[in-house]
Amino acid sequence: MAEEAVLGYLEENEEISDSGKFSEEKGISHDEIVNVIKSLNGFRLVDAQDIKRERWGLTKEGEMYAEAGSPEAQLFLAIPPEGITREELQKKLDPSIFKIGCQQAIKNKWIEMGKSQVSRKVQHVDDRVRDLLVQIQNGEAVNAEDVDALKKRKLITPLIWKGYSVKKGPKYAPKRKKVATDLTRENLLRGDWRELEFKEYNFLAKGQPTEGGCLHPLLKVRRQMQMIFLQMGFEEMPTNNFIESSFWNFDALFQPQQHPARDSHDTFFLKEPSTTKMLPEDYVERVKGVHESGGYGSRGYGYEWKREEANKNLLRTHTTAVSTRMLYALAQDFAPKKYYSIDRVFRNEAVDRTHLAEFHQIEGLICDRGLTLGHLIGVLEDFFSRLGMSKLKFKPAYNPYTEPSMEIFSYHEGLRKWVEIGNSGMFRPEMLLPMGLPEDVQVIAWGLSLERPTMILYGIDNIRDLFGHKVDLGLIKRNPLCRLGL
Amino acid sequence: MPTVSVGRDRLFQAIGREYTQEEFEDLCFQFGIELDDVTTEKAIIRKEKHLEEENPSEDEEWIYKIEVPANRYDLLCLEGLAQALRIFNGVDPIPTYSVANISKESMHKMHVKPETSKIRPYVVCAILKGVSFDEVRYNSFIDLQDRLHQNICRRRTLVAIGTHDLDTLEGPFTYEALTPSEINFVPLKQTKSFRADELMEFYKSDLKLKKFLHIIEDSPVYPVIYDRNRTVLSLPPIINGAHSAITLKTNNVFIECTATDLTKAKIVLNTMVTMFSVYCERKFEVEPVEVTYADGKSFIYPDLSLYQMVVPLSYISSMVGVSLPANTVASLLNKMQLHAEHSVSDDKQTSFIVSVPPTRSDILHPCDVAEDVAIAFGYNEIPKAKLASLKPQSLNQLCELIRMEIAMVGYSEVLTWILCSYKENFTMLNRKDDKATAAINGNPRSADFEVVRTSLMPGILKTIGHNKDHPKPIKIFEVGDVVLLDDTKDVGASNRRHLASLYCGATSGFELIHGLVDRIMEVVGTSFVSPGDETGYYIQSSDEPEFLPGRQASIIYKGKQIGTFGIVHPQVLDNFDIPDPCSYVEINIENFL
Chain A
1 MAEEAVLGYL EENEEISDSG KFSEEKGISH DEIVNVIKSL NGFRLVDAQD
51 IKRERWGLTK EGEMYAEAGS PEAQLFLAIP PEGITREELQ KKLDPSIFKI
101 GCQQAIKNKW IEMGKSQVSR KVQHVDDRVR DLLVQIQNGE AVNAEDVDAL
151 KKRKLITPLI WKGYSVKKGP KYAPKRKKVA TDLTRENLLR GDWRELEFKE
201 YNFLAKGQPT EGGCLHPLLK VRRQMQMIFL QMGFEEMPTN NFIESSFWNF
251 DALFQPQQHP ARDSHDTFFL KEPSTTKMLP EDYVERVKGV HESGGYGSRG
301 YGYEWKREEA NKNLLRTHTT AVSTRMLYAL AQDFAPKKYY SIDRVFRNEA
351 VDRTHLAEFH QIEGLICDRG LTLGHLIGVL EDFFSRLGMS KLKFKPAYNP
401 YTEPSMEIFS YHEGLRKWVE IGNSGMFRPE MLLPMGLPED VQVIAWGLSL
451 ERPTMILYGI DNIRDLFGHK VDLGLIKRNP LCRLGL
Chain B
1 MPTVSVGRDR LFQAIGREYT QEEFEDLCFQ FGIELDDVTT EKAIIRKEKH
51 LEEENPSEDE EWIYKIEVPA NRYDLLCLEG LAQALRIFNG VDPIPTYSVA
101 NISKESMHKM HVKPETSKIR PYVVCAILKG VSFDEVRYNS FIDLQDRLHQ
151 NICRRRTLVA IGTHDLDTLE GPFTYEALTP SEINFVPLKQ TKSFRADELM
201 EFYKSDLKLK KFLHIIEDSP VYPVIYDRNR TVLSLPPIIN GAHSAITLKT
251 NNVFIECTAT DLTKAKIVLN TMVTMFSVYC ERKFEVEPVE VTYADGKSFI
301 YPDLSLYQMV VPLSYISSMV GVSLPANTVA SLLNKMQLHA EHSVSDDKQT
351 SFIVSVPPTR SDILHPCDVA EDVAIAFGYN EIPKAKLASL KPQSLNQLCE
401 LIRMEIAMVG YSEVLTWILC SYKENFTMLN RKDDKATAAI NGNPRSADFE
451 VVRTSLMPGI LKTIGHNKDH PKPIKIFEVG DVVLLDDTKD VGASNRRHLA
501 SLYCGATSGF ELIHGLVDRI MEVVGTSFVS PGDETGYYIQ SSDEPEFLPG
551 RQASIIYKGK QIGTFGIVHP QVLDNFDIPD PCSYVEINIE NFL
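Residue numbers (the UniProt record's numbering), protein chains in the order written: chain A, 1 to 486; chain B, 1 to 593.
No wet-lab data here; the hints were simulated from the structure.
One or more hints might be untrue.
Only some residues are given here: those of chain B computed to face chain A with a beta carbon under 7 Å [unchecked claim]:
1. Gly130
2. Ser412
3. Val414
4. Ser508
5. Gly515
Yeah, the Cβ is synthetic: ideal placement off N, Cα and C, and Gly gets one too.
One chain only, chain A, in its complex shape (with noise of 0.2 Å):
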C-alpha cells in the first residue's frame, strides 16, 4: 500500500517534499513510508534525499513524571494541611521522590523542613514541570529556557526525526516489477516466472560453501603411494604391530648392539613388557655368529653379542623390521616376491618443525636373483617419476644393513636445488644368509617418510599443523586432491 502510495503520487506530482507529512496526509506510518523509499531508491525507481529534524523527547524519568506528576507536586501533595513528620513523609513515597520532591520543593520555597516536622509553605502548586513534558510529548513549542531547565534535570533529551524528499528516480515506473531471488517451485506452479526479474547476483563471491565431509590430506597421500606400489607389483606387508623386539627390530638387520641409533635417546625401549619372550633359536644363533665373528664371507664386528640386549622390547624404529620378518618367513621357501608397507614408526626425538615422535615410513622392497644396483636405481626411478620427480641422483652412503647404500637426491623446480628425498641399498649379505636365502639371491630395497613429500606437495612447512593433535582442521577441510601417480 505504502509503495502503491509513493509510486502513484510521484504519477501525478513532482516531488515529495516530506516524507512525514506524506505519511500523516496517507495515513501511513512513518516507518512503513521509509521502508518503501529506501527500497525503491536501491532500486532507482525513486530519488530520495535525506531530511534531518531535531526535536526534544522525553527520558524515561521525563515520561514518568509527565504521568505521575513532578517529584516535587508529589511530594507537596502528600504534605497534609497540618503538617506531617519527616518520617512519615518518608514513608508515603519512593525513596528518589522524596530526594528529588525535597530539593525541588525547598528550592521552590514549597515546604517548610523543620527539625522533625515538614510544612506546606504555600496553599496550593502548579506543576509546571508536569505540564511542559507533557507539552513536550505532544510536540508542542516550548520556550528556551525551560528546555535548558528540563534538559538539566535529564528530563528530555534531543531526538533527531529522519525523512525523505522523493523525486522519480531514472528506473522510475508506476508500479514495480516482482524482484526475485530465487527461482521457486510456487513460480513454475504459478507460471509466473517470465515476469520475474531477477536481483543481481554477484559472480565475484564465491558460492555457498558446500556441506560434507574431508579425508585427511597425509591419508590421500597414503592412498595414492598404495596405487603406485600396486601398479609396479608390489604387494602389501601386514605392519599392525608397534611393539617390536630389539631381534627383530636391529639385530636381525646386521646393526650391531653400541649402533647410536639403539641408544634410548633414539629409540623408545618399553618397561611393560620388557622382554621378548620367543625367538626362533637356531636363527638367534647365526645372528650371533655373524654379529661376533662373522661368516658367510664376513669379519663380522668383531664383539661379544649380548641376547639381553636383543630380548629388549621397544617400539619399532623403522618397518624394516617388518620387511626383516617377511624375508626370514620368506626364506624358509623361497619365491620371489615384491612388498611395500606404508606405516606408523617410533623415534625418541625432540619434537620441533620437522620431527615427531612419530612418523610414516614408506617402504618398498624387491626380493629376487640377479638383482644388481642397476635395477636398484631403475626402480626408483620409476617410483619417483610416478610422484613427480624425475630428476634424481644418487650419493654413496652408510647404512649398517645395506651395502652398497644410497642416498636418494631430487631435483627441486621451487627450491632451485637438490634435495634428499630418500634412502636405498641392497641388503648386506650378513643379513641375507642367517636367514637361509640363498646365496644368490638380492634384496634391493628403499625408504622414505610419507610427511615430507606431503609436506613437499601441499606447502605446509611445520609437521604438527599436518599430523597429530594440534593439526589445523581447516588445513583438512581446503587441501586439494593428491594427484601423485596419475
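Got chain A sorted already, so can you dock chain B onto it with the hints?
Same frame as chain A, but now just chain B:
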C-alpha cells in the same frame, strides 16, 4: 652422521688443488660425503653467543663442515679426508703403513694387571716417533681424539684414548685397577694433586667431563696407567695426568687406548697412528708396544697388517650391474684405497685378492668391496635396468578422485546413457543444432538412440523427470564422456570427459551449485581470482539458452571457459516434465589434467 670441521684453505692445500664450492660439493657427492655448512670461526662464536649475523670479512678463514659416513673413522680429521680425496682423485698411491722393525727387548712394554678385568679389561698402545707438530696439526690431533671418543668409542664407554709425551715418561708401563683412594695425581690442566675419588667429585661440576664419570664411578676399582716411576699417565676414561701432557714441542707420542671392546680399541689405535704417522720422521711408520696380560699372553700393537679378501669379479659385476674388465676394477678399487691383485682360476673365473688397509675397518665383506667399485665407477653412471610395471590412465584416475570428492559433499552418482534422442540433445534443451557438434546415429532402432550426447544434461534431466516422487532436495552428479565432432581426428569426432551435477528442490539451489563449483575448483587446487586473471578461476555471467537469463554463468579456468552453471530454464524443465526448480553445472574436466 658425524660432522668434521676443517679449514677450507688448509684442506685444499692438503688435497693439492683449489675448488669452487660447487666443484667441491660435486666431489663430496661422488665420494659419499657431504658439505653440510660453510662458515667461519667468528660466525660459530657469534652463533653460540646468539649475536647478530655479520658478513664475515675477507681475511676470516672459511670453515667447511663435512658430514662423513659413521663407519669411516679415517675421515674424521683433515689428514684422513685429504688423503682419501687425493687417492680418489688419483694424485696419491695407497700409502703403506709399517710397524718399525725393532727387537722385542728394546720395545716399550705395557703390563696389564688382572684387576683391570673387573672394570676395563683391554689396553692397546703404540708410539709415534719424531712427530713434528705445529698448532694446526696439534689441534687436529686433539680433535680426532674427541671425534673418535664421540663416535666409535661411544662417548668413551667402549674405548678411551690417552696420548702422552713419551720423553717425560719411563717404561715399562703398567695398566692397573686400584681402589680410588690409592690413586693420587695431578690431572691435566690442574696444578694440585687429587685423590681419584676427590677428583671424581671435583669433575661433577665440569661440563665436559661430568658426562663420563658414570662409566667408572660406581666401581670399587678405577683403571689407571703408571710408568715405572709410578707417574700416572691417565685415569681412563676420565682424564690424563698433567705430567705427560703433549705440547707443540712433543717429539715422541705414546698412545694408549683402554677398552671394554678390543676390536674397537684396535680400530681406534690404528686410526690414530695411521692418520698422524704422516707427520713422523719416518712417514707412515709406527713404533710398536708389547702388551702383556697377567696370564702371560702378550700382543704387539699396532696391528697394521693388510686384511686379504678374495672377491670374484663376477660377484662385483652382479652387484653393480656393470661388466668391467679386471684391470678397470682394480684401478677403481685403488681410488678407494683398496689394493687388488687379480688372478684367473682353472675354470677361467677372475678373482681379486683385495688388500684392506688398516684405515678401512669398514670393509667387512666382499659387498663392501663391490660398493667401492660402484662409488669409484660413479653411482650416477650405472645404467638403469627397468623392471616391469604398469602405468594408469591419468584421466580415469583423476575422475576417480573427483567422483569421491563430489560424493563426499552429498551428491549421489548416476550413470546414464551415452545415446539419446535428437530432440533431447537439442530442442528440449532450447538448443539449436549447428550441424557441427553432434555425432548422429545412422540406423537407430528407436528415437532414444539417435544422437551421441554432446552434454550430460539430457540424461541428468531425464533422471530427475523420472524421480519426481523422490524426497527433495535431490542432489546428483555424473562423470562421463560426451562426443563432439572434431576435424583433427581421423574419424572426425572425439570424446570429452565431462562432469555434471544437479540440485533440485523447493528453490533452485543456484547458490549451492555455485558453492559446488567452488569446491570442485578447491579440490583441483585452483584459487579464486579476479576476472581477467589467468592464474586461477573466476565466474562471469553467461547467456546460454538452457539456463534462466540472469541466473547463469561461465566458469573461466586459466583464461579458458571450461563449463557453465545456472538455474535450468523453466521451459527446459517443462520439456523434461520436471515440476521443481533445478540448478545445474557441467564442466569439461580434461582441463584439470
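Could you work out which of the previously given hints the structure breaks and list their numbers from low to high? Of the numbered hints, 1, 2 and 3 do not hold.
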